[in-house]
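Visitor: Residue numbers (the numbering used here): 9 to 208.
It cannot be assumed that every hint is accurate.
[Claimed, not checked] Straight-line C-alpha distance at most 25 Å; calculated SDA-like pairs for lysine to any residue:
id, residue 1, residue 2
1, 159, 178
2, 199, 178
3, 196, 178
4, 192, 139
5, 152, 207
6, 202, 123
7, 166, 117
8, 202, 176
9, 202, 177
10, 111, 66
11, 166, 123
12, 159, 95
13, 199, 156
14, 160, 64
15, 152, 99
16, 152, 199
17, 111, 146
18, 166, 106
19, 192, 148
20, 206, 111
21, 160, 121
22, 66, 152
23, 199, 110
24, 141, 107
25, 199, 167
26, 141, 203
27, 152, 123
28, 152, 194
29, 206, 193
30, 166, 109
31, 166, 71
32, 152, 109
These are computed hints drawn from the structure, not numbers from a lab.
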Amino acid sequence: GHMIYKCGGIDKRTIEKKEAAELGKGSFKYAWVLDKLKAERERGITIDIALWKFETPKYNVTVIDAPGHRDFIKNMITGTSQADCAILIIAGGTGEFEAGISKDGQTREHALLAFTLGVRQLIVAVNKMDTTKYSEERFHEIVKETSNFIKKVGFNPKSVAFVPISGWHGDNMIEPTANMPWYKGWEKETKAGKSSGKTL
Numbered sequence: 009g010h011m012i013y014k015c016g017g018i019d020k021r022t023i024e025k026k027e028a029a030e031l032g033k034g035s036f037k038y039a040w041v042l043d044k045l046k047a048e049r050e051r052g053i054t055i056d057i058a059l060w061k062f063e064t065p066k067y068n069v070t071v072i073d074a075p076g077h078r079d080f081i082k083n084m085i086t087g088t089s090q091a092d093c094a095i096l097i098i099a100g101g102t103g104e105f106e107a108g109i110s111k112d113g114q115t116r117e118h119a120l121l122a123f124t125l126g127v128r129q130l131i132v133a134v135n136k137m138d139t140t141k142y143s144e145e146r147f148h149e150i151v152k153e154t155s156n157f158i159k160k161v162g163f164n165p166k167s168v169a170f171v172p173i174s175g176w177h178g179d180n181m182i183e184p185t186a187n188m189p190w191y192k193g194w195e196k197e198t199k200a201g202k203s204s205g206k207t208l
């Protein structure tokens with residue numbers, strides 16, 4: 009949601025609506041605007057897929073926000089099967105990352121589903137870096153562990169961009185952040201050649 013907002017896909021007035029806070033979902037401020045169904049807003053989770061479009065100088069982009077919640081895996085499959093590229097959002101918080109990559113973890117399941125459904129371009133966004141006090145050590149620990157498991161799934165970690173972000177504060181989403189001066193950016197290697205950047 010925050011990325012769509014930064015790209016101009018959501019107006020400021022929509023973001024400022026007080027419904028999210030009134031429902032006790034203040035921490036889902038940006039995710040909330042993509043969750044159109046009343047049930048999604050009340051539960052604080054994405055159920056259905058949502059489409060948002062924006063243009064960059066080089067590309068027309070359609071963002072498909074697919075649910076990550078296990079109860080709505082069918083909807084996630086529908087969204088993922090239409091994708092050219094997937095952004096695997098991993099929670100960087102203590103315990104959250106470990107739960108996601110455990111044997112039955114959803115992060116592991118989502119990476120496997122994306123690869124099985126034919127997605128070959130993967131970006132890994134390590135979210136909630138603000139909760140780790142923007143820890144370089146934590147980011148590198150997550151990159152190492154994630155590289156190991158996505159390789160087992162079938163992705164080549166050298167062709168994957170790893171970006172430390174804060175979805176809440178907007179760090180490294182569209183513009184580089186001053187909160188992680190240690191992060192020099194990502195570099196990936198594909199058949200088309202090398203590419204690099206600092207943000208999503």
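Visitor: Just pull the numbers of the violated hints for me, sorted ascending.
Guide: Per hint list: 1, 2, 8, 9, 10, 14, 20, 22, 23 and 26 violated.
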